[in-house]
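2 protein chains.
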Amino acid sequence: MDLVPVILSGGVGSRLWPVSREAHPKPFMTLPGGQNLIQKTFLRASRLPGVSQVMTVTNRELLFKTEDEYRTVNQSGHAQSYILEPFGRNTAAAVAMAALQLQKAQGDDAQMLVLAADHLIQDEQAFARAVATAQQLAAEGWLVTFGIQPQYPETGFGYIEASHSCGESGGLTVARFVEKPDLKTAEGYIAAGNYFWNSGMFCFRVGTVLAELHQHAPEVLEVAQQTLAASRLATSGADSWLTLDTEQFAKAPDISIDYALMERSSKVATVPCDIGWNDIGSWNAVSELTSVDQDGNRFEGEVLAHGASNNYVNSEGRLTALVGVKDLLVIDTPDAVLVAHKDHAQDVKHIVGQLKAQSHTAHLLHQTVHRPWGTYTTLENGERFKIKRIVVKPGASLSLQMHHHRSEHWIVVSGMAVVVNDNQELMLNTNESTFIRAGHKHRLKNPGVIDLVLIEVQSGDYLGEDDIVRFEDNYGRCTN
Amino acid sequence: MDLVPVILSGGVGSRLWPVSREAHPKPFMTLPGGQNLIQKTFLRASRLPGVSQVMTVTNRELLFKTEDEYRTVNQSGHAQSYILEPFGRNTAAAVAMAALQLQKAQGDDAQMLVLAADHLIQDEQAFARAVATAQQLAAEGWLVTFGIQPQYPETGFGYIEASHSCGESGGLTVARFVEKPDLKTAEGYIAAGNYFWNSGMFCFRVGTVLAELHQHAPEVLEVAQQTLAASRLATSGADSWLTLDTEQFAKAPDISIDYALMERSSKVATVPCDIGWNDIGSWNAVSELTSVDQDGNRFEGEVLAHGASNNYVNSEGRLTALVGVKDLLVIDTPDAVLVAHKDHAQDVKHIVGQLKAQSHTAHLLHQTVHRPWGTYTTLENGERFKIKRIVVKPGASLSLQMHHHRSEHWIVVSGMAVVVNDNQELMLNTNESTFIRAGHKHRLKNPGVIDLVLIEVQSGDYLGEDDIVRFEDNYGRCTN
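So the sequence lines, in the order shown, correspond to chains R and B.
Take the first sequence: its letters are residues 1 to 480, numbered as in full-length UniProt numbering.
Take the second sequence: its letters are residues 1 to 480, numbered as in full-length UniProt numbering.
Keep in mind that the hints were calculated from the coordinates and are not lab data.
Errors might be hidden in some of the hints.
[Unchecked claim] Distance condition first, Cα-Cα at most 20 Å in a straight line; then the derived PhoX-like pairs of lysine-lysine:
(1) B/Lys267 - B/Lys251
(2) R/Lys388 - B/Lys393
(3) B/Lys445 - R/Lys326
(4) R/Lys349 - B/Lys326
(5) B/Lys326 - R/Lys342
(6) R/Lys326 - B/Lys349
(7) R/Lys342 - B/Lys251
(8) R/Lys180 - R/Lys388
(9) R/Lys445 - R/Lys388
(10) R/Lys326 - R/Lys342
(11) R/Lys326 - B/Lys393
(12) R/Lys445 - R/Lys393
(13) B/Lys393 - B/Lys445
(14) B/Lys388 - B/Lys349
(15) B/Lys180 - B/Lys445
Since the structure is predicted, the reported quantities are computational estimates derived from the model, not experimental observations.
For reference, chain R alone in the conformation it holds in the complex (with noise of 0.2 Å):
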């Protein structure tokens, strides 16, 4: 039987601020190891017997985060289908949408498996005999949730109870599904045995969980059914995006598929698994991923201290320092530092509110912003100068531009690259650089088969990046 994963890639992850943000959120954070969160997902989901294809669900804003980042590991070529949200509306709206682009493409009896995107799983081989558990419950009509042994009285999740075994298989029947706990009754759990944490990972036969969408949250599967009618799909080669209509989807309602459906229906079982599972949902989650000196502290980065102990550090780049401090969290990113109390990192997601509520930008994005045709990094913002590293894809070009107020200034740092300027069109090698007059139309791309990589030095009296008028695009935004 087929199975295809679906990536649910949503939420921002405020806790894990100052790496995670609106524009580069929790599942593209950089784990010890190189690769990210979502480059994880994706492998384990792809690497699983019978998996073709690969399904992911997430905003419009990080389809093309998403597709470099898989670029890199997708190695086998599996085929990508992407669900594009305006915007979020929890994971019931999601499962439904991807439940009936799969019947519709393949029928009923296909099978999903629901993945968060980030989500660590050390143990990919147990992972694997769990899922193969859950596809013969699927098979016979069960909804599958994966129930994690738990390891200690964790107050921060949600708890299955389990009753008793389905069938052969080591599933076991579902008989309530409890939210967060207090810690009396979280330790209770523990020593009864049958109570196992909420993964968030399903799954299901398509046929089976639209039908009991249909009893038990018609109206989520309605919305559902006409946003699909109003949505727009494109396809190339086995790849496909499906763009969801922004006014239908709008409807929706905002709730989880665990309250909509899961402790509504009587067909939920659960695979009972030890798969070394972490949902990275705060820094001290994080600091687990990186040994432990004999202080207790655990660094990622150029550390020096003195006198501390039981630290985490996570440093971009600059060194940090500890002087006589124990117990703490500090993140250091490009654009700003968090120091938080190890019992208090379940309150970072407080200081994202702050900067919210002051229209600040330093909870939206990073330094670095991904577009069509590559990235841009700001590297100085100055008195009368601006300086952008610029990155831009074999084969992929910049739009036809014009700047009123600022000159921009092109250094070619490696690859090559033809500029138009003004009606002359010329050819950069590595080293060289030219510069754009303001008033002159301009136009950049990278005609080689290796990254182009340009330094951009604007100057000019007004810098705003509302200054720029787009006469030809190769990705629809003149009228941005």
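Start from chain R and add chain B according to the hints.
Coordinates of chain B only, in the frame set by chain R:
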């Protein structure tokens, strides 16, 4: 009587890392309000009655930086004289050199007021009154110290024990100097009432201090005389620069004027004073200069806090967020961040020690480097490129030079430039740019009357500072 303030600008201020560095030490730290300590010291000194010249004893590497700082505050056009040390040899040698210089120029009756470059005095009127009293005592033949009325039993300072009054000036004779006491002893001093903090400031008649040095520290005086005889004096108008001879000066004993002379002489008096003195000895002392909010926090820069109390943050540009922490010092600079507990503020120097032991440059340099012609700031060190912001003073020019392995691209963002490129000379206006191929001789001048601000992008396979051949240089650096 002429009074010559002698500003000793020596120590590194390693307890104030990462803002204070070897190449940007404590006197250059900018305080809330905008001026730095050495500017405040210069102003305070030059405003005293009878002062027409300010002498500065400092490391020769800090000359241009010091001149730059004085220039912006020396509105009254006071003459500046410098004694330039090749390395530090503590305060006894510095005071002896200054006294010999003054004796030569003005004779034995000239008075010198020895000041530290890195102390803060908040009540300038009380300071001026104390100096007037000290001048009377100095004229009578006393070696005068300034005894600070202790505010609390500080264990980090030396104390002066006063005995009886000398004349009607308000001065007291000094019975003895005591080293940093323990807390109980310090409490006893406060209760006794005749103990004062030793501020490290002095007022001497030149003839007196030289005679006393001859008696109590002849080895210091002798080396100073030999160094003076071998050193090079340059003058320009009323300004002068005495560059000490390295070989002779190396023989100077590394001892303080307190130890070499003040503790041994019987002619020591003190002027008790209450002048708002702060030796800026640690980040705790610096934090006192910032106003406190309702949670006990003191913030310089952009800070967001949640559940944080009694912290000090000093950030030069980036956003700092504090969550659930207390009693911390967070000091953020472009290339290093310090997180220290307030009770361990003195231990920050150990980080500098670790950096030195690792031959790390983060204790030496900031990103902005001062040169005779202006400054340069490294904005980015990338793969195959390096970006600097270069500021050239009006009328100044860089050396005629050539690089084998890198092209340089120059963009004028403010002011105008004359560029010699190979055999051509061209004028660049604001917003214009040019580039210099590897192997081409080139030179940059600022022909205008305002600063030239230029972005330099270097590109090439090798970007080390040692790839430079200098042909002509206004500052005698062709052999560098």
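Status of the hints after comparison with the structure:
no., hint, verdict
1, B/Lys267 - B/Lys251, "violated, 28 Å"
2, R/Lys388 - B/Lys393, "violated, 26 Å"
3, B/Lys445 - R/Lys326, "violated, 52 Å"
4, R/Lys349 - B/Lys326, "holds, 19 Å"
5, B/Lys326 - R/Lys342, "holds, 13 Å"
6, R/Lys326 - B/Lys349, "holds, 19 Å"
7, R/Lys342 - B/Lys251, "violated, 54 Å"
8, R/Lys180 - R/Lys388, "violated, 46 Å"
9, R/Lys445 - R/Lys388, "holds, 16 Å"
10, R/Lys326 - R/Lys342, "holds, 9 Å"
11, R/Lys326 - B/Lys393, "violated, 47 Å"
12, R/Lys445 - R/Lys393, "holds, 9 Å"
13, B/Lys393 - B/Lys445, "holds, 9 Å"
14, B/Lys388 - B/Lys349, "violated, 30 Å"
15, B/Lys180 - B/Lys445, "violated, 53 Å"
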